Amino acid sequence: MQKRSRTDQPDVYYNAEISKQWPPGTGALMVGEPVSGLSDDALLVLYTNGDGRAVQELTMRLSPRCFGVAMRVLGNRAEAEDVTQEAMMRLWRMAPNWQPGQAQLSTWLYRVAMNLCIDLKRRQRGGYVDLDAVPEPADTSRSAAEQMQDGARQDALQLALMQLPERQRQAVVLRHIEELTNPEIAGIMDIGVEAVESLTARGKRALAAILADRREELGYTDG
Amino acid sequence: MADTEKANQTLDDLFAAARETPVPLPEHLVTAIMNDALVARAENLVPTPKQNMPSRTRLRAGVWRQLMFAIGGLPALGGLAAACAVGVWVGLAPPSFLPDPAQLVGYSNSTLVPYKGYDLAVVLGEEVP
Numbered sequence: 057m058q059k060r061s062r063t064d065q066p067d068v069y070y071n072a073e074i075s076k077q078w079p080p081g082t083g084a085l086m087v088g089e090p091v092s093g094l095s096d097d098a099l100l101v102l103y104t105n106g107d108g109r110a111v112q113e114l115t116m117r118l119s120p121r122c123f124g125v126a127m128r129v130l131g132n133r134a135e136a137e138d139v140t141q142e143a144m145m146r147l148w149r150m151a152p153n154w155q156p157g158q159a160q161l162s163t164w165l166y167r168v169a170m171n172l173c174i175d176l177k178r179r180q181r182g183g184y185v186d187l188d189a190v191p192e193p194a195d196t197s198r199s200a201a202e203q204m205q206d207g208a209r210q211d212a213l214q215l216a217l218m219q220l221p222e223r224q225r226q227a228v229v230l231r232h233i234e235e236l237t238n239p240e241i242a243g244i245m246d247i248g249v250e251a252v253e254s255l256t257a258r259g260k261r262a263l264a265a266i267l268a269d270r271r272e273e274l275g276y277t278d279g
Numbered sequence: 394m395a396d397t398e399k400a401n402q403t404l405d406d407l408f409a410a411a412r413e414t415p416v417p418l419p420e421h422l423v424t425a426i427m428n429d430a431l432v433a434r435a436e437n438l439v440p441t442p443k444q445n446m447p448s449r450t451r452l453r454a455g456v457w458r459q460l461m462f463a464i465g466g467l468p469a470l471g472g473l474a475a476a477c478a479v480g481v482w483v484g485l486a487p488p489s490f491l492p493d494p495a496q497l498v499g500y501s502n503s504t505l506v507p508y509k510g511y512d513l514a515v516v517l518g519e520e521v522p
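Line by line, the protein sequences are chains C and A. Going by our numbering, the first residue of the first sequence is number 57, and it counts up by one from there. Going by our numbering, the first residue of the second sequence is number 394, and it counts up by one from there.
If you're looking for bench data, these hints aren't it; they were derived computationally from the structure. Wrong hints could be hidden among the right ones.
Quick list of in silico lysine to aspartate or glutamate cross-link-like pairs, EDC-like style, CA-CA up to 20 Å [as the list claims (entries may be wrong)]:
1. C/LYS177 x C/GLU113
2. C/LYS177 x C/GLU222
3. C/LYS177 x C/GLU142
4. C/LYS177 x C/ASP246
5. A/LYS399 x C/GLU273
6. A/LYS399 x C/ASP269
What you are looking at is a predicted structure, and each value in this text was computed from that prediction instead of being measured.
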């Protein structure tokens, strides 16, 4: 796997080298035919057939979700990038063996990402919270004060999440931020639905207790 | 109770804010992922080297080769096959000068007749109540 460099890589989503080696329309679709309406399964087949547009579409469709979950669970941007890149690499490698319709590609990717997060944490045994990992608010129309408050709230949520046990944190992120269903989470975490319900309930209670004293500080008033 | 509700409401608001603020994907990561896709496809196109995988055909050929070596090669296998064929032939149609194998171990044709010393009617009569 090619290691990325933050300084050497050009800031483009679809670089010229890839376009040259992998021109659009070399798969089953005609040149110019949109791929954005296709399912993940269909895009993966197109990728296997060598269509560069499928790569771009799958990357932009799946990797942000994978990266978001990894960052919430790990609390560290660099580690989340590593996990996302590795998870996507596994996706590309297993593409020829994927059985369309048997499972959702996004669920498979979540599962790979969660397992990579667990492996990473096991290796570390006692990570740290990187506050730079918390995303900045994208809405520039809000005032500076509001943006600062949004940032403070996201920091507070991330710090609280990092105080949860690992499995609780994963379940809470998948349930309440990614809004997956309990059966989906059960499949991703390889546990029963009841265990997911228990993990999310306990996680939410713990988060509420952690954040209870910070309501006013975070700008939440009783009225 | 009211505090718990407030805390839960705060948490729900924070979750909602987190959902509305998607984590921006770094552009260098996007580029790296798409380069990996190119590398992985090239890897997928390379056929698996067959010489490193023991196939059923190769294993079967190995067993036959070992058996041939143990017997002594193709001429020895031909001699063994001829000897087997002669044995079967002699067994089915023995020459007249050869003794009867049954007589050699003490049996004769008469001793092999079933129910020779019994009266069938007596036997059947015993079974009738």
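Cross-check of the supplied hints:
| no. | hint | in the structure |
| --- | --- | --- |
| 1 | C/LYS177 x C/GLU113 | 30 Å, violated |
| 2 | C/LYS177 x C/GLU222 | 9 Å, holds |
| 3 | C/LYS177 x C/GLU142 | 15 Å, holds |
| 4 | C/LYS177 x C/ASP246 | 18 Å, holds |
| 5 | A/LYS399 x C/GLU273 | 14 Å, holds |
| 6 | A/LYS399 x C/ASP269 | 11 Å, holds |
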